Each structure stands twice: as structure tokens, then as C-alpha cells.
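Visitor: Starting from the structure of chain V, add chain A where the hints point.
Protein chains: 2
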Amino acid sequence: MYYIGVDLGGTNVAIGIMDESYQLVRKGSTPTPANDPEGIVKAMADLCRKLVEEAGISFDEIAYAGIASPGIVDREAGEVVYANNINFKHFPLAKLLMAEIPLKAVYLENDANAAALGEVKAGAARGAKNSVMITLGTGVGGGIIIDGKVYMGSNCAAGELGHIVIEKNGYPCTCGRKGCWEAYSSATGLIRMTKEKLAACPDSKMHARVAKDGKVSGRTAFDLSREGDAAAKEVVDTYISYLACGIGNLINIFQPEILVIGGGISGEKENLLAPLRPLMLTESYGGGVVKATELKIAELGNDAGIIGAACLGL
Amino acid sequence: MYYIGVDLGGTNVAIGIMDESYQLVRKGSTPTPANDPEGIVKAMADLCRKLVEEAGISFDEIAYAGIASPGIVDREAGEVVYANNINFKHFPLAKLLMAEIPLKAVYLENDANAAALGEVKAGAARGAKNSVMITLGTGVGGGIIIDGKVYMGSNCAAGELGHIVIEKNGYPCTCGRKGCWEAYSSATGLIRMTKEKLAACPDSKMHARVAKDGKVSGRTAFDLSREGDAAAKEVVDTYISYLACGIGNLINIFQPEILVIGGGISGEKENLLAPLRPLMLTESYGGGVVKATELKIAELGNDAGIIGAACLGL
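Protein sequence lines correspond, in order, to chains V and A.
For any residue, its number in the numbering used here is found by taking its place in the first sequence, counting from 1, and adding 65.
For any residue, its number in the numbering used here is found by taking its place in the second sequence, counting from 1, and adding 65.
Honestly, I wouldn't trust all of these hints.
Since the list gives no way to pick out one identical chain from another, each pair is judged satisfied if it fits inside one copy or across any two copies.
Said to hold, decoys possible - Using 27 Å as the maximum straight-line C-alpha spacing, the simulated DSS-like pairs for lysine-lysine come out as follows:
1) K334 to K233
2) K262 to K233
3) K243 to K262
4) K298 to K233
5) K298 to K270
6) K233 to K356
7) K260 to K270
Because the hints were derived from the structure by calculation, they are not lab data.
Every value quoted in this text rests on a predicted model; they were computed, and no experiment measured them.
Chain V extracted, bound-state conformation (with noise of 0.2 Å):
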């Protein structure tokens, strides 16, 4: 059999379609059309068929499709309850996506829990019990995995593992408390770091970099860091104590195998966990006396949300 995996953006639909050993045999995207819920089920509709007539099968060999959407998600009603980037509210997705074309099942999952699942199933946590998954991008995602399945609380809100306080009354989030860890362990806090140092700092050689890439970027600080620069070390030093301290309290609370760490600052890789795993000594409870979590880079990339998508029926 084969498994429809769709990831939902803002920006674009990715649809894949996988096969049993969690393979992408087809893949492809469309723009995600802005401000039209009815538009978005007919482009993922459209993708779906075209995808699987190249593939060579037909929706009899598929067994389901699986949405990972942004938002709030009711996995029972196949329901986004809330999701304002894409304009939907109490929108049945799963319905009208199996009103559109002959699917046996659609299941619905938040994004950030489906990438989860995807690196449990496939990726970096392949086979763990018990796993966390953080996405560093423009903001700070989280997916907790327990016993193998997705955890979504009461209401299928939870894991807003960004918005957990680390700094009280620090620097606003856009949720609306102040010093949540999105706040700094995002690309956008890491952005923000690196403007405050490169105004403190005018001697750095950061600048130069500025100005060539005609903007500031997540890489900035780490990329001059490299080359020695000592403003961007302690923009890096500053980014990394953040982001030891969220992962410190997401260990205390979860104690999980294993630890994924995904997002486009990942990209980072050993720069990230070198300096991390030495921190959770210190920043986990316990930290030398009981069993290590293990901090791993995502694995899945850009697919974790199709593959962690056409996981959600397995």
C-alpha cells in the first residue's frame, strides 16, 4: 500500500506519496492560495491526482491521505479548529478533502506534532518510545511523542513547547506573554540578537556580512563566529545558553530518549550540539546520575511534516 502525506503551508501545499518503507516514490508542491479555504482543498485535491497518476498507481493502492496543518487541529472531527495564517476556522478539512477525490481515510494532525511523528517513524528518533521534537525557525514548534503516538492533550492544543516562560517578564512573544522561549531560540530571536550586537558592536565583522547579503539572517552570527569574530561569538554564546535553557526544562519534564532538534537552525548541526550537550549536564535534573536524553538533528528536513503526514493512520 501506499500512504498520501500532505504538509500544509503558508506559503505552499507538499504532498508525497510514500510507500511502506516510508519512502517518497513521488513528491511535488503548489502554492498555497492565500486567503481561500474552498481554493486550498481543490489545489491539494488537484496535486493529489496528479501525483498519484505519475506515481503509476491508483487511490486503490493508497490507503489513506494524512493532512499535517498549521493551527489547532480536532484529530476526532478532522477539524482545524484555528488556524490564522491559512484563514481557517472550524474548517472540515478532512471531509472535504474526501468529498474531492476517492480516499479511504484522511487523518489530521498539527504540523509541528506530525514532523514528530515523522522523525520518530523515520528519522532521527527512529523506533524511540518516548521523543520531543523542537523546529528552531521563525518560531520555536514543538511535538511530544509518548508511546509512539502523537500527545495532544484534552483539547489537541498541546505542545506549545515555544511558549514556555523562561524569562519573566522578557521580551514579548507574539502569543502576547513576555520572555516566552520562542522569544529567543527562533531564527527571529537570533535575528534580533544579532541587530542588538551589531548596533553595540560597530566594529564587527559582521557588518560585512550585512552588507553583502543585504540583510540579516540566522546564519550571520554563527557564520562570523566561525571566522573568529567576537561579536558573533557572543551573539552564538548568548543564542546557545537560550536554547540550552528551554531544552534543560523540556529534559526535566520529559526525560525522552531522545531529543530532536529540526528547524532551519538546525542547518547548524554539531555548531548546536557541541556546545549543548556539556550544558545538559548542568541544565537537566539529575544530569550525570540518570540516563542521558539524546540531542539529535532532525533528519527528515523539509519532509518530516509529508512523512510524519502520511504516518498519522500507521
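Guide: This is chain A only, laid out in the frame that chain V set:
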């Protein structure tokens, strides 16, 4: 059948015999022998024998005994991995108790986890699928119930909810980190805040109360706040704001059906809950949009550990 519940504390061993309707038909306690692990096992066995006899039942009618122990507990091995206050290190408590008295089985769990289970089975969170319990005492303890079972993580050390940093580089915590929730929301934290306010406000009515009581306690600020003392009210407001911050974090992570507040400070009941409830609208993600976690005061009081321990094999 009956179930023995043992709550092993640093000062006392409290034991109860529970019937099938979660009632304690008999309970008692005995001092915990200091620095004497084998003596603890013996005291435990003696009290079990005495209570079984007093209850007029036989060990044949006891399904099992459950033990709630401080520290890190390996449930599978029946071993207390580490508990500094009673000097246990890889101590095979379950096996040793079974060698003393004719029990069919002995289960072991961390005390905060056992209390959380007790509240789910027979207390404030009765029937909840997912719930979180916090204990506001000398420290801040935590227990996580998922799908009706204690969540213990991959190494039996999960649920250290007091050791979530909420103020990076804040007040030093006993665990070695800085700014843990425990450093603010424990009775110890409340007493520290009260003392700081006393030093800053020589006119506060709290001074007279402290002179009368001979000490600052967790009740000083709450009691005088009710009597209109402005300094006391400021302490209470600050304490509540830290409590709300930590509870908001837990809701964003778990979105449990019920969050149970236990421990000495929970005796304030509505004085805690009334100001906390509206704060949750802004401190939790999707507040006002998703079904809110219900905040409740623990119902089992000092028996939570005994009852939770007695429920371990159910």
C-alpha cells in the same frame, strides 16, 4: 481485595490499607529511621503487619503493596535509584519488603507521581485521562498522568516540573540551576519573598504577626493580605504571578483536562484559584479559544501518597 499503600517520607513512613472503593480502612505512621535503609524496610514491614492485623484481615486478602518514595525510582527494577534525604542508592526496596512480609507483589513509584495518580483515581482529578499535579511545599513537585497512567519518561526521572527555569539567571535553585519555578512558587520561595518585603517595609503589619508566631511562614503574607496590609498583598500578588507563569507553561505543554494543586500552600484554596483563573486567559496559548484546563485543589491531602501508592497496581 485490599491494597497497601506506603508513603515513605524523610520524617515518617505513613501506611494505609485501602479497599476497592479507595477508602483507607486503616492507617498509621512510624518515624523513618535516619540513614538506615535496612531499618526503613524493617519499620515498613512491622507497620504493615500491625495494620493488617488491626484491620482484621490476612495477607491473602492483600492484592499488593505500593510504595511512594522520594527521589528517582526504577519501577521495572523495583529499585530506588537515588534519594539523598533517606540515603538510598540503587536500593532494591521492593524485593527487600517482599522478603519481610508475604506480599504477592510490590510496586514502586516516585512520591509526587504517586500523589498525582491518587488524585486521578480518587481525588480532584477523578476520571481525567490527562492531568498534571503540582505540589507547592518545601519544593515544587510534579506528577504527569497521561492516558490514566503515570508518565515517567525513558529513565524514570520525568516530571520534575519544579525545575523548569522561568527566570533565566534568576534565584539559585537547590538543583544547581538558576531561576527554577521551585525557587519562586515553593513555600520556601514564598517565605523568602515575605522576608524580603519585611526588610523593605518596616511598617507592615506582618512584623507583628511574625513576632507573635516566632517565624515567617507560608501563611504570613496570605493572612495579612486578607487583613488589608499593602506589603503583604504585594507579596501575594508577586507569588501568584510566578505561580501563574509556571502553570501557564504547563498548560501550554500539556493542555491537561485538570491541573491539580496540592501541598501546604494549596490550603489557601480559592485565595489561589480565584486570581489564577483569569490570569490563565493570557498565560496560556489559545486562552479563550480552546477548552481551558480546569484548575483544582488537591482533595486527598496528606493521604495522597498513601492512596496513590495503593493504586499503583490497578
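Visitor: So, for every hint listed, does it hold in this structure?
Guide: So, going through the hints one by one against the coordinates:
Proximity of K334 and K233 under a CA criterion of 27 Å is satisfied inter-copy only: 25 Å between copies versus 29 Å inside one chain copy. In this homomeric assembly, K262 and K233 come within 27 Å of each other (Cα to Cα) both inside a single copy, at 22 Å, and across copies, at 20 Å. When the C-alpha separation of K243 and K262 is checked against a cutoff of 27 Å, the pair qualifies both within a copy, at 21 Å, and between copies, at 25 Å. For the homomeric pair K298 and K233, the shortest alpha-carbon distances inside one copy (26 Å) and between copies (20 Å) are both at most 27 Å.
Taking the shortest Cα distances, K298 and K270 sit within 27 Å of each other inside one copy (11 Å), while across copies they are farther apart (51 Å). For a Cα distance limit of 27 Å, the shortest separation of K233 from K356 across copies, 25 Å, qualifies, whereas the shortest one inside one copy, 30 Å, does not. In this homomeric assembly, K260 and K270 come within 27 Å of each other (Cα to Cα) only inside a single copy, at 13 Å, whereas the closest approach across copies is 49 Å.
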